[in-house]
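**Q** Using the hints, position chains D, F and C against chain Z.
Chain by chain, the residues run as shown.
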Amino acid sequence: MTARVQTAPFDLAAELRDFGAGAGAVVTFTGLVRDDTGQMAALEIEHYPEMTERALSDFGAAAAQRFDLADWRIVHRHGRIEIGDQIMMVATAARHRRAAFDAAGYLMDWLKSRAPFWKREIARDGSATWVQAKAGDEDALSRW
Amino acid sequence: MTARVQTAPFDLAAELRDFGAGAGAVVTFTGLVRDDTGQMAALEIEHYPEMTERALSDFGAAAAQRFDLADWRIVHRHGRIEIGDQIMMVATAARHRRAAFDAAGYLMDWLKSRAPFWKREIARDGSATWVQAKAGDEDALSRW
Amino acid sequence: MALEVLYFAWLRERVGHPRETVTTDAATVRDLVAQLAASTPGHAAAFDDLATLRCAVDQKLTDLDAPLSGAREVAFFPPMTGG
Amino acid sequence: MALEVLYFAWLRERVGHPRETVTTDAATVRDLVAQLAASTPGHAAAFDDLATLRCAVDQKLTDLDAPLSGAREVAFFPPMTGG
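Residue numbers (the numbering used here), protein chains in the order written: chain Z, 1 to 144; chain D, 145 to 288; chain F, 289 to 371; chain C, 372 to 454.
Okay, chain Z solo, but in the shape it has when bound:
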């Protein structure tokens, strides 16, 4: 039942050690830096330090109650992240698979458009472009 924001990489296996004891179903989501254009050097993520970790904790707790989770974890990186590297992870543990899947999907939809992070793509030539929010991400949130 923890949320962390950090610049350092994380190790999914270490995060899952002793995660969700007693649960029957564990779902994880890991987001990776993808280079769609072949021109990207890295991703850079800015966040709102005074707000982020508490917002993540509050939302994790809300999801835990809504989906009756045995455990949950959110780890989100900020700063510069290289192509192919992990950006963030969510893990959920519940008695049954549907709750674990739904809770992970819910947390991801929320993180995409409600957690105070802003992504910027850094190109190989040094230019930087802020990632635009997708209309679909708002739609995804309205499912819940």
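Any given hint might turn out to be false.
Said to hold, decoys possible - Rough simulated footprint, nothing fancy, chain F against chain D, three-plus residues with beta-carbon under 8 angstroms:
| # | region |
| --- | --- |
| 1 | 193 to 200 |
| 2 | 254 to 268 |
| 3 | 271 to 280 |
Keep in mind the hints are simulated off the structure, nothing from the lab. Cβ coordinates follow ideal geometry from the N, Cα and C atoms, glycine included.
**A** What follows is chains D, F and C alone, placed relative to chain Z:
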């Protein structure tokens, strides 16, 4: 893009090493032996050796096509599995989170009621009870 | 024809063995079930509820109306409980 | 009152700095935006599209009609892109 059936435990971290290179989203599901009654000693899983691995491979390939997966993996154990230990895992990698989530949910719904495994709960007193299929598992499959 | 017939889970327990070779003229899985159910009390018990019976012909899931011509292996089992 | 005002992402770039202390009588976030937008061309550029403007008061997401009485910190930013 592999399916394996084995008695040995698996290591999720090792399974995910080099998994889904180039993808933006990786979802995993891990099923664990849960003791709801406090009387269980272990789970025992029987399967249909001549059929299982090929059925899993065929279905993984179908899911890959349907959800445009960059990668997928299914590992399912059989034989005796202790309380709290991992039974099986599914991992899916796709460009976007929705496809990765949907593919993992689809594979799980299929595995629950179409993959040739049969679970038996072994109680501490040595008695054994075959796990009944849940009507909800058939319903889950009809979503797709 | 000679068919390999396999049983899993509690069907295997009721029949008393995991596989047997059966000589049959059954045209469909359903005909084969009728022949097998009549063979021993264990088989009769194994096949007492066709609603929960599941089957595979040559390692493909199918239903009781599947034809058996050309088949080599038929498996019977209760609803699967994987995952 | 004195408010800490924070800017993130391209709002921060347009304003030219990440935070500032602002003396204001604004009753709502919207009133504060009007005051800030009038202060420099950079601020005007940062606030040129209210439809995509997002804000938090004392580190809680809210909207432009949120009251500012008792508030200590207001943050402005574009739509979030986490995950």
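**Q** Counting residues of the region 254 to 268 of chain D whose CB is closer than 8 angstroms to a CB in chain F, do you get three or more?
**A** holds (count 10)
**Q** Check, residue by residue, whether the region 193 to 200 of chain D contains three or more positions whose beta-carbon lies closer than 8 angstroms to a beta-carbon of chain F, and give the verdict.
**A** Since three or more residues must qualify, the claim that chain F covers the region 193 to 200 of chain D holds, with 4 doing so at under 8 angstroms.
**Q** Has the region 271 to 280 of chain D got at least three residues whose CB is nearer than 8 angstroms to a CB belonging to chain F?
**A** Contact hint for the region 271 to 280 of chain D vs chain F: holds, 4 residues under 8 angstroms.
Against the hints set out earlier in the document, no violation occurs for any number.
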